[in-house]
Amino acid sequence: MDERTPNGCPLSESQLRFWRGHMLAPDAPIYNMAWRFDLHLALEPKVFTQALEDVVAGSDILRAVFRITDGIPRQHISTLPFQMNAPVDLSNEIASKDALDGYLMGWVSNPFDLSVSSLRTHLVKLSDTHWVWVICQHHIACDAQSSAVLFQAVSKRYEALLEGASPEPVQLAPYFAKATEMQAEGPVTDIAKTRPSTPPYGAPAPAAPWSSRLALPGQADQQDAIARFCAAPEFRLFTPDLSQLALFATAYLAYLHRVTGDERLTIGMPSHNRLSVQDRDTLGLFMEVMPLSVDVDATDSLAELHSKVKTALGAFLRNARPGAVAGQNTGDIGAVLNFIKARFGPFAGAPATVEWLHSGAHDGAHALRLHVTDFDDKGTPSLSMDVSATVLSQTTGHEIQQHFDAVLCALINDPHQPLAAVSLTSRVDRTATLSGPPEAADTTKTIVDLIAAQTLRTPDAIALQEGAQCLSYAQLDARSDAAAALIHSQASNDSKVIAVHMPRSPGCLIAILGILKAGCAFVPIAANTPMLRVQKIIADSGAAAVFTTQGHAPDFGIPRLNVPQSSVRSGFHLAPPQNSDLAYILYTSGSTGVPKGVAVDHSGLSRYVQWAAGAFGVVEKPDYPFFSSISFDLTLTSLFAPLVCGGRVVVYPETTGPDLAVLDVFAQDVVDVVKLTPSHLALVSKSARRVDRIKTLVLGGENLTTAACRNALSALSPDLEIINEYGPTEAVVGCMIHHFDQVADSGASVPVGLPAPGVTISLRDGGLNLCPAGVVGEIVIGGRVACGYFGDVERTQTLFSTDPQDAQKRLYRTGDLGRLRMDGTVEYLGRGDHQLKVGGVRVETADIEQAIRTLPAVSAVHIADGSAPANHPHPNQFCTRCGLPDNLPGATFTSTGLCEVCADFDTYQDRAQAYFHTEPELEVRLQELAAKSTGKYDAVMLLSGGKDSTYAAYRLAALTSRVLAVTLDNGYISDGAKTNIRDVVAHLSWDHRFLSTDKMNEIFVDSLNTHANVCQGCFKAIYTLALRTARAEGAATIVTGLSRGQFFETRLTPDLFRTGAPNCAQLDQMVGEARKTYHAEDDEIARLLQTSDLQDGRVLEEVEILDIYRYIDVPVSEIYNFLSKHSSWVRPSDTGRSTNCLINDVGIHVHKARKGFHNYALPYSWDVRMGHKTRTQALDEIDDEIDTNKVRQILDEIGFDEPITPQSGLIAYVAGHGLSDANVWDALQRNLPREMMPKHVVLLDEMPLTPNGKVDTAHLPAANTRVSFTTEFVAPSTEMEHKLATIISAVVHADRIGTLDDFFDLGVDSLAAINIAISANEAGIALPATALFEHRSLGALAQFAQALAPLTEDDDDAPLLDLDDDDLANITQALR
Amino acid sequence: MAPLKHYIQDSLLGGKTVEDSENLLLTGVLDSLAVMSLVAFIEQTYDIAVPFEDVIIENFMAIDAMGHYIRTRQQSGG
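Heads up: the sequence lines are chains D and V, in that order. In case it helps, this note's numbering puts the first sequence at residues 1 to 1376. In case it helps, this note's numbering puts the second sequence at residues 1377 to 1454.
The reader is advised that the hints may include incorrect statements.
Said to hold, decoys possible - No more than 27 Å apart at the CA atoms, straight line, and that leaves these computed lysine-lysine pairs for DSSO-like: (1) D:Lys1155 to D:Lys686; (2) D:Lys1190 to D:Lys1152; (3) D:Lys156 to V:Lys1392; (4) D:Lys837 to D:Lys809; (5) D:Lys378 to D:Lys837; (6) D:Lys621 to V:Lys1381.
Keep in mind the hints are simulated off the structure, nothing from the lab.
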C-alpha cells in the first residue's frame, strides 16, 4: 500500500500550520473535526461498512499518517489496513441517548496520534430506521467541504452496492499531489505574535485549550431582518454569501471590541480555496485560515465599522489563494470566524441530519471562535460560539449569548448608532451596580459638630503637634474660634469662601477649622504654588480673604489674614454651618492645566471623614501625620479623621528642595496611619527602615501595584495593613476601598475593591448604558459626590448628571476605565484619555512593572508612551513683555498676555538682588582669591568668544593679569569666534589654551539623547575640564562671563523665594549645593570624562567659581560700545545668531523635533527681561530657518545615527541603584511575552515626583534608545546550557548561542521549537515545545529544564500509539 | 469577450455552459472566491485595473455585464 508514497509527500502550507499546532499540544483534541449524521432509513450495516471501506481505499488522505523525516513532517498512507468497527447496537438500551453521549465523548475528544491515524469512524444503531454515523477526522486531513464530499461518496457507493452490481473500485481525486501544489510559493512568515491582544471579559490568557460550544439562537427569528440588511444597497456586497459574511463579521468585531476593549482586532477567517469543480470534489484540507484586521475607533457607528469590514474583505479576498497563508502573519489572530457552507444532502435518498460536534477543546491561542454554519444550503445559517474555559471563568455562557445578540440585533435593526453605546444588557441589570454597605455615619452632624463633640469628650488630649509643641483639643478649639472671629471681622465681601495659602504648620489647620466654624468654605493652596496659579484660584473662587504667613505674600486684592496667636474668647458666636453649606473648594489641574474647583458640601465631607475614621486603622484613637500638600485632597483625610475620634495630627513641615517630608514620617515612626501615594511609598520602601508603630497605610492618587505592596511589606514591616483607596476629588476624597491580600491579590494591580458606605459604583459604556461584568467601561460614581465645579455650570453639567438608566440618581463620570470582576469587585484600568497602547491594544502597565520589580534593586517604575509630546509645533501666543511663546510645556499667561515667568519674576526680582554684589567687592574678592592661588595664575577664565565673556575679560584684565584663558574647542567653534579669541588674548597679553576631549562627539550624542540639545553636554564638559585645569595650575578661581539672564534661568529660580527673603549667604549656599550635585551626578559625561576626581565636591572648595556679572551690571549697549571702541571684537557672521558655535542649529532642530518647542525660547526671554535683547530681536531669532542638510551632516559626523523624531513605543523608567540595562532587559525577557516588551529602558537614581507625591511626568528624561534586546554574548556554562545549546544550534544553524540571546532573534519559530523539543526529548530532557516561548533565552530555558523530572526508561516505553480498545481489536484481527 | 466566457465555463464551472445574461451571482453559481479569481483573470487578460470598489453586483452579475464593465474601463484608460 505504501509503495505509492514510499517517502511520504510534503504537506501543504495549511497542513503545516495544523501540524505545528498539534505538536505544540499533542494531548488535547484541538483539531478534531467531528460529525454526527443521523440517518433515517433502514440501513444495512454490512453494505454500509463495505461502502465506507471502499471509499477509504480509494483515497489517499483518508488513511493519512504523518511522520517526521529529517526534521520535516511528511504524509504517508498508513500501512495498517482500514477496517470499520462493528456497529454499536443501542436499540435495546433504555437510556440509549445517554449511552450514545458516552460513546461520543470518547470518540470525539480523544486526541489523535498522527503517526498512527488521522480518522476514526463509528456506526450506532438507535433503531431499525435510525442510525447514527460518527466521523472524527483530524483537521490536518479535512475541512467541512471534504467531510461533505466523504458523506456523499459513501452515500453514492452505498446506493451502488445496494443495486447489487459489482462496481469498479472507488477512484477519488488524490490529495497528496494537490497538497504539493498548495505549498508556499513566496517567503514564509512565521506565526509569531507581534502585537498583544486582550482576552475577552478580562480573562487571563488561556492556559489550556479546553472550551465549550454555546448555541447563539438569538438571530433565528431575525432571518427577515437579516435578509433585508443584506439586500440594502449600503450593506450589500457582490454575492449573497459575502453580504452575509460582512454582516456577521461586523457584528463579531463590534462585539469583540466591546468585550476586549482592543481597537485593533485581528480575526482569522477561512478561505475555502476550492476554485474548480474538481477541487470541490476532492477530499482533504484545502481551507486556509487567514487574518482579517480592522481598526475600530471608539466613536465608530456600526455602519462605519461595516464599511471598514467591506474594505478589509476586499484585501482578504485578493490575497486568498492556495498557499497564501504562508505569507501571512497569523500569530496575531485572537479570535476566529468560521463561515462554513457545505451541502451534505440526503443519505441514499433518505433524510439525514448533520451535526458538527465540538471536541471539547480548540486552539488555545484563540479565546473565541464564532461559527456561522449552513449545512443544508437553505440560506439560513446557524450560529454558535466556542468559548475557552478561562473566559467562562469570568462570565457565563448566558451572558455571552446576550451580549452577542445585543450587538447583532443593533447592527441589523439600527446600524447607524455608535457601537460604544449599544447596550449589552437588555434590561437594567441590578447586579451591574455595586452599592456600599449601609452607612453608619450620623449624617446630621457636620465636621464642626463632630470635632466639637470630641473636644467635649477629651478636651485635654493632644489634637495637634509639631515637634515639641502641642495643642490640646480645648486649645485648638479656642484658637480656631479666634480665627473664625477674625474672618468675620475682616472679610471684604459677602462671599463665604476663604483661601488658605500657608506652609504646613499648626496654623494651617487652625485656619481651616476657623474658616469652617465661620460658616465659610476653605480653599487650600499649597505654599509652593506658582503665583499666577494662586491668583487664578483666588479670582475663580471669589475668596473674601486669604490666610497667609508673615512675609512677602503678594497682594491678591483681598485682605490678608494671619492666624491669631492667642486664643481670645470674644464671646462672639457664629451660626454653625449647615449640611448643605459648602465646606471646601479644592482646585485640581486636570489634564489641560486650567485649574478647576471642585466644591464639596459639609454633608459630603462629614460622611467621608466618619467613614475614613472607622475604616482606616485598628487603633481607637489613631494619630495621623500632616506631611502632604494641602492642595491635594488626600491630605484632608489626615487632617480630619484623627480629630473626630480623639487622635492627633502630627505636623511635618515642608522640606527644602523637593518636599520629601514623607521620609521624616517613616523615620520618626510616631503615628498610626499614613495616607500617601504609591510613589511616596516606593520612596519610603527604598530606605528600608523598619517601622514599628505605623500599622496602616492608605494608598491613593495613583494605581497601586501588588509588587509595590509586597516590596513595602518586606522593607517596612510584614504587619502592615495596606489599603487601596480609590476616588477622584469629585467623589469627596475617596469612595472605594480594598484591603491588600498577599495571597488573593495575584494580579499585577491591586483591585480598587468595593464602594464605601452610601456610595454606588457602576461601569458604563459610551451611551451611559450599564456594562456587564467583564466588559470595560467608564467608572461612574453615585451616592456621595461633590456639588460640582465652582462657578462652572457647563462643566458641572457635562460630568455630573442624573442617571438616564435610573440606577444611581445623581452620578459623576470619572473618565477612569474599569471592569467589574466576577467576585463583585472593580478593577481599575487607567485613565480613559491617557491609555497606553501597543498596536491598538491597551497595555497593562502594572504587568510590565511587575516584571521589572523582580529585581530587588528597583525602587520605582513608571511606564510612559514614547511618542512625541502633544505640543503644537507652532506657537499662537507670545508674552507681551518678553516674547516667550506658548508652546513651552506648562506655559501660562495672564489675562493681559503676560507670561507666568514675567509675572512671577516681578514678585521676587527685588529679593533676588541679594545675590548680586558691587564692583568694589569684585576687586576685594579677587585679591582674596589671588592670595590662595599657588601657581602661575590666580584665575582661569572661560572665554567663549561671545560678547559677554569678551567684555568680562576686559574688565577682569583691568584687575589682574595672572589669568589663563581657556576655551572649549568642541570641534565646531566658528572661525569668527576663534579670530575674536585670538585677538582678545593677544590684546590682553594673557596665556590661552584650547581645552578639548576626544570624547566630545560622544558627549554631543548623549546630550542630544538625554536633553535634546547640544549645549548641556558642552556646558558640563567645559566646567569639568576647567575645574581640572584650575586645580592643576593652582588657580583659586574660575571666572565666567555667565550673564544675569542665565543666573535667573538656571539658578535663581522662583522656588528659592517662595517662603521668604533669603540673604546672600543663604542663596550662595543653595547655589553651591546645586553645583555640588551637578558635578557629582553619575551620568554619561561622568563616565566619558571619568570624573571620579570631582565627585566628592572638594574641588569646589579649592576652586571658587566666580561669575563676573554678579558684580558688574552694565546695559548691553555699554558692552557693544566698549567692544567696538577698545577691541577688535566682531560679531561672528558664520553662526547665524548670537552664539559662536556651528553645532547649535543641530541642537535646536533636534529639540524642536523631539520636544516640540525651541530650546532658546526661555534663555532669550531672560535676555529680554535683563534688557540685553529687545522683544522683537528675541522673536526674530526664534523664528529661524535651519539648514537640515547641514544638520544631518553634522549628526553623521558626531555619530548620531538615529531618526531625529522620537520613536514610538513604551518607555520603562526604572529608579534604583546599582542597576544595569542588561539586568532590566533580562527581567523583562523572562517575565513578559515578547510583544509586550517596552521599546526603551531609562535608568534613574530617583523617580521625579510632583509636590503632590505623584510621578512628575514632565521631568522624566528623554530616552536613550536601545537598538536591540541582546546585550553581550555570555557563553553557556552549565551542563544543561551546553546540552541545549548544542541541540538548538543544530536546528537553527547558529554558530554560537549566548545565554542571554532571545530565541526569536535566533530564528526559533514554532517549527524549530518543535524540532528542538523532539531532540531534547530524545536526549532525555522532558522539554515541551511550548517551553521555548515561555523561557525565551538559553539561560532561562536551561533553568527551567533543570527543574524538570528527567525522562526515565519507563517514559521511553510509553506507548507511541494512541490505541483504544477498538483499534486493538482491529489490529488483533488483522494479525490473525 | 470570448476568453472571459471560456474561463468561466471551463476553469471555474468545469465545462458547464452559461448564457450571457444569466445571473451568476445571486444564484450562487459563482461564489466570492470565484469572482476574485475572475477579477485577477480580467486584469491580466484585458490589461485593466479593477479596484475593489468596482466589484459590485451591477458589474459582475452576468457575462454581458462584465463585458460592459471591461469595455468602459478600457475606454477610460483603466
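**Report entry** 27 Å limit on alpha-carbon distance, applied to hinted pair Lys378 (chain D) and Lys837 (chain D)
**Finding:** Violated, because 44 Å separates the two Cα atoms, which is more than 27 Å.
Sort out whether Lys1152 (chain D) lies within 27 Å of Lys1190 (chain D), counting only the CA atoms. It holds: about 16 Å lies between the C-alpha atoms, which stays within 27 Å.
- Sort out whether Lys809 (chain D) lies within 27 Å of Lys837 (chain D), counting only the CA atoms. Violated - the C-alpha atoms of Lys809 (chain D) and Lys837 (chain D) are around 34 Å apart, more than 27 Å.
Would the pair Lys1155 (chain D) and Lys686 (chain D) pass a check requiring their Cα atoms to be no farther apart than 27 Å? violated (32 Å)
*Holds or violated: are the alpha carbons of Lys156 (chain D) and Lys1392 (chain V) at most 27 Å from each other?*
Holds, at roughly 22 Å.
query = Regarding the pair Lys621 (chain D) and Lys1381 (chain V), is the alpha-carbon distance no greater than 27 Å?
reply = Violated, at about 93 Å.
Figure legend: structure checked against the earlier numbered hints; hints not met, in rising order: 1, 4, 5, 6.
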